[in-house]
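K.L.:
Sequence:
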Amino acid sequence: MPKMYYPQDFILVPASHPYPKDTFYKVSLGQQKIDAYFHEVVKIEMVFNGAVGRGGKVNAAFPCHGNDLKKVLEAINDLHKFKLEH
10 MPKMYYPQDF
20 ILVPASHPYP
30 KDTFYKVSLG
40 QQKIDAYFHE
50 VVKIEMVFNG
60 AVGRGGKVNA
70 AFPCHGNDLK
80 KVLEAINDLH
90 KFKLEH
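Residue numbering for the sequence shown follows our numbering, beginning at 10 and increasing consecutively.
Derived from the structure by calculation, the hints contain no laboratory data.
Remember, it's a predicted structure, so these values are computed and weren't measured experimentally.
In this text, a Cβ means the ideal position worked out from N, Cα and C, and glycines have one as well.
Check each hint, because a few of them may be wrong.
[As the list claims (entries may be wrong)] Label-pair restraints from in silico Cβ distances:
1. Ala45 to Gly75: 36 to 46 Å
2. Phe71 to Pro16: 14 to 24 Å
3. Asn58 to Glu94: 26 to 36 Å
4. Arg63 to Glu94: 33 to 43 Å
5. Val51 to Ser25: 19 to 29 Å
6. Asp44 to Pro16: 17 to 27 Å
7. Lys92 to Pro27: 30 to 40 Å
8. His74 to Lys42: 15 to 25 Å
9. Pro27 to Glu94: 33 to 43 Å
10. Lys52 to Asn76: 13 to 23 Å
11. Lys79 to Ala45: 34 to 44 Å
12. Tyr46 to His26: 35 to 45 Å
Based on the provided sequences and hints, a complete structural model is requested.
P.N.:
This is the structure in structure tokens:
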């Protein structure tokens, strides 16, 4: 299958409890093929033990009692700021 997503930059945000210690949210900015064209997108994937996904689980889920979502939103903002400055 041809590659459909090309990340240009990313930030790894540590996930909090109840996730295992070696779990991160991979927040990336890149080009995603949608229909026949590439579009700039922000993508959030789960990283477990250094690999994206675990048993096919790549969709991010944020614990309600914590600040993971806030940290991920800050990472998205940082990626956008970096892109605008360069």
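K.L.:
Looking back at the numbered hints, which does the structure fail to meet, lowest number first?
P.N.:
8
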